[in-house]
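All chains should be built: construct the whole structure from the sequences, respecting the hints.
In order, the protein sequence lines correspond to chains R and L. Residues 1 to 505 (our numbering) are what the first sequence spells out, left to right. Residues 1001 to 1355 (our numbering) are what the second sequence spells out, left to right.
Honestly, the hints are just simulated from the structure, not real lab data. Glycine is no exception: its CB is placed at the ideal position from the N, C-alpha and C atoms. All the pointers check out, no bait thrown in.
Computed, partial: chain L to chain R, Cβ under 10 Å:
1. E1008
2. E1072
3. A1090
4. T1319
5. L1321
6. R1325
7. F1327
8. K1329
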Amino acid sequence: MPAKKLNLRKRYELLTRGMGWETTYQKMDDVFPYDSFEGIKITDWDKWEDPFRLTMDSYWKFQAEKEKKLYAVIDSFAQNNGQTNLACASYLSAIKLFITGVTPLEYGAHRGFAHLGRHFRGDGARIACQMQAIDELRHAQTQVHTISHYNKHFSGLHDPFHQFDRVWYLSVPKSFIEDAMSSGPFEFITSISFAFEYVLTNLLFVPFMSGAAYNGDMATVTFGFSAQSDESRHMTLGLEIIKFMLEQHEDNLPIIQRWMDKHFWRAYRLLGLVAAMQDYMLTNSPMSWKEAWEVYFVENGGALFEDLSRYGLKMPKYHELATAEADHISHQIWSVFCSLGNATGFHTFLPTEEKMAWLSEKYPDTFDKYYRPRFEYWAEQKKAGTFEYQKGLPQLCQVCQIPMVFTEVQTDPMQISYRVTEHGGDKYHFCSDGCKDIFEHEPEKYVQAWLPVHQIYQGNCGGPTLPEVLDWYKFKPEDSGDYIGSKDYHRWQEWKGADKKVKQA
Amino acid sequence: MSYEVTIEPLGVTIEVEEGQNILDAALRQGVYLPHACGHGLCGTCKVDVLEGEVEIGEEASPFALLDFERAEGKCLTCCTVPESDLVIEADVEEEPDAKHIPVRDFVGTVVKLEKLTPRILGVFLQVENDEVDFQSGQYANLHIPGLDVPRPFSMAQSPNEKTLLEFDIALVPGGEGTTWIHNELKLGDTLEFSAPYGHFFLRTSDDKPMLFFAGGSGLASPKSMILDLLESGDQREIILFQGARNLEELYYKNLFESLQQQYQNFKYVPGLSGPDIEPEWDGLTGYIHEAAKEKMNGKFEGYRAYMCGPPMMIDACITALMRGRLFEKDMFMEKFFNAADAEAESKKSPLFKNI
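Given below as structure tokens:
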């Protein structure tokens, strides 16, 4: 009788696990120096359940089919001048912010997973991380192709990687990913695979991609869908790693709870940028930030944490505050960009009457009461020619690095939320209890934060004046300021005007 | 005309009727295959066709089954029909303890009706000139006259008893099937049924000690399983936690107390949750998961747990077990859904596969 065929799980184990062995020339602890200092106890790596059973062979086939489809769309978009079919060139501001903020995040995730793919002691977990490292690199590449296309026609996209390291608002995603990358491997994967990819990724991708489709941006839609098809695998890895750590040892629970609290809050703060994009920067918005938060966090996230509570894990700290803030943050963040619009790599614009009517409908409790008057006041000033951008530089939160614009939404939404703590004789400022808690747990880490405003004042950013700083960012004069009257605006008018003439002829 | 389909790595062969899909045939013949949506959208039931010809079926979504996968001979069992004898390979774990007993149709005569509690009726069916083969924990589908959909009830007797079947049937308020059984069914009546169904059975091929949690008429399966274990001389530690609201609902107490006397490795822990507990009760009170926590000092690591009863009870037990470090792969359960329970099911996350 021939030997019985192995099942898929065993076959996958044999295909992937031969790379691991107990080392004898060197101590295992020297070969894998990073996987114990965080305090996570792993008693048996063999209990690792592969979250997906994809061999390299079929991985290449899957990805090849996706790449073929993606680049066919990008090519035809380019050849047919797809950029002229956008809803409006002002929509590109959202893409500029997204793509200059997220592309380097993908690259950072690639580096992080490559590191884990070497440094996890368990070979099953190493393989999963290696595959994700390749995925993340692919995502960064596909986004670079989209940047490259739009860079031929629009301002502000000529140097995203240089800008990621310098620009004041890009320090928000940069500090997020570097916080994760400078943690141990278990914290990194909790942050990226679980808190970000699992709990919050739908908030980043789903409304944003449907927003792109809504505004005629097929180049972005396609890299979005192509990336999303990998995302389900990443999400499964996020769930597996959490279950694995929780089931391995009871001492892991409080560590994971703290990471969950921390990285939920960090990722949520980062998504504040997405909130502004969704509500203000998209010409047509398919869904408000608040609606997206309700569906993707309150409902779906709620069901997940309900299940996780069986392990004793609680909802992340301050999640109630995040839900209360859903009525406010998009308005607050867009206000910051509008008031500092002379220092952004994308164009700002005040909401139109139509947009404000939509915001009133979506935010009946807050928009008319707190935010409409501000935008109307600025609109009057612009009309009268008296509008001025903010002269000073804003105070930044030491942890999330967002200007201190969030307010006490649960008590007095007109009062800025300030938190302060002392460390080593210095004062540090925070936008929230969430960020303050993170600092106080690891002050040695966050006192080193590279805060763009502090760096300008310390003379490290090209010089003391705005033009010098913008020059150091490699912003060109046409990158910033109001959309109306910008180079992008004039080019768009030319295209649309030319269109009309052709039609008339 | 039917085809033979061999399912690897189990090595089990099933018969598939003309026009029948593979998944339906497998489930009917006691072979569990992964599945979820049941109509070609999710891809959970994807398998490799190693030998033979199939009709993939128009229902298979192009997103659930990509072009290159079709070219490589993959198909979705929920909408694929064989066009020759087949060998397929599915993503299933070999269950060394699963017996894959084919479902058959039977007729039984009611030989005894016993009021086990004010709510639960014991129905005993005698099968003539035939034997009902099943694994303890499995159920039968009873065809009730006048109702289109058969009703599932677990066999409560030991699987060594193949001709006299016992079903413990609780009266569900407003339930058509159970109302008919309680009010209309008489001694000497015949009932048609098909059996055995279900993926709830004992894992005896390793020697982990076993915990059983039973609530209400959910005692049927654990009773069959425990009798099965003890009759076969199994020496492992076995504990039964039985929950009921009060003493008169706590049925088969005498049986389990005498088994406890007879077998050193078997422990019986009943608990009453109230509200109307009889004053003579001196055992544990509270819900059964609380009684278990108290008895086990909150530690369940190293055990395997079998749970059978209403969804609320199972839910509470799962949490208690996980807090006590017994996780999904060591839990087995049979939820007793009635129509109202199914509607009350809350939104699920994908964290767990089988819970």
